[in-house]
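Listed in order, the protein sequences are those of chains A and B.
Residue numbering for the first sequence follows this note's numbering, starting at 58 and increasing by one per position.
Residue numbering for the second sequence follows this note's numbering, starting at 5 and increasing by one per position.
Check the hints yourself; a few may be wrong.
[Said to hold, decoys possible] Here are some chain A residues pointing at chain B (derived, C-beta under 8 angstroms): (1) Q102; (2) M107; (3) G115; (4) P118; (5) Q159; (6) P163; (7) G164.
These are calculated hints, taken from the structure and not from any lab test.
Note that the Cβ used here is the ideal one computed from N, Cα and C, for glycine as well.
Here is how the chains run, residue by residue.
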Amino acid sequence: EAQVTQNPRYLITVTGKKLTVTCSQNMNHEYMSWYRQDPGLGLRQIYYSMNVEVTDKGDVPEGYKVSRKEKRNFPLILESPSPNQTSLYFCASSLYLAGYEQYFGPGTRLTVT
Amino acid sequence: AQKVTQAQTEISVVEKEDVTLDCVYETRDTTYYLFWYKQPPSGELVFLIRRNSFDEQNEISGRYSWNFQKSTSSFNFTITASQVVDSAVYFCALSYTGANSKLTFGKGITLSVRP
Numbered sequence: 058e059a060q061v062t063q064n065p066r067y068l069i070t071v072t073g074k075k076l077t078v079t080c081s082q083n084m085n086h087e088y089m090s091w092y093r094q095d096p097g098l099g100l101r102q103i104y105y106s107m108n109v110e111v112t113d114k115g116d117v118p119e120g121y122k123v124s125r126k127e128k129r130n131f132p133l134i135l136e137s138p139s140p141n142q143t144s145l146y147f148c149a150s151s152l153y154l155a156g157y158e159q160y161f162g163p164g165t166r167l168t169v170t
Numbered sequence: 005a006q007k008v009t010q011a012q013t014e015i016s017v018v019e020k021e022d023v024t025l026d027c028v029y030e031t032r033d034t035t036y037y038l039f040w041y042k043q044p045p046s047g048e049l050v051f052l053i054r055r056n057s058f059d060e061q062n063e064i065s066g067r068y069s070w071n072f073q074k075s076t077s078s079f080n081f082t083i084t085a086s087q088v089v090d091s092a093v094y095f096c097a098l099s100y101t102g103a104n105s106k107l108t109f110g111k112g113i114t115l116s117v118r119p
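Using the sequences provided together with the hints, build the complete structure.
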């Protein structure tokens, strides 16, 4: 089944404890992206990747890192999480750039205390 | 700058009613893409439709239909004979041709369909 998977689905952590949210897609998509969803602010892009080893910042990259060592994986790293990073995170992928539909993972609900 | 406005925040209808969700967008690009996504209570984002700026044909898929009008910069979504399972948050989104296929989302419309 073609899908985008994320792990963990739920995570409660404490300020400053490094964490990684994994994202994997099995559709051989070139483009991958991370969004966060917050009440009143909607969905905002954090980082994106056009292909292996090519990543760039989205609208709200502060406090996050990403890597794209393999085409299928695009982990989101929070080196020192803070409470303002409490959010619902979505990974997305699409076949290519420029207007192809993006398929989203199930979401990761992160709480930082 | 791109912007998507979904002026309706919450809509409540009774099952079998028709409902239209409005979406107005702003962009300076001549080539762009419009999308609708559904977010049911379970939280995932489900792709519904994609339209490019050169294709103004309306589309129908079962009970769903979409009306794209460049003259008014609108891409409205109609659900005919709504069902309880249609209850969700619906997002309209916009992207353009460029290095980043970022989706610019509207704030979403919460649709509640009552039995």
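### Query
Looking at the structure, which of the earlier hints fail to hold?
Hint 4 is the one this structure does not satisfy, whereas the remaining hints hold.
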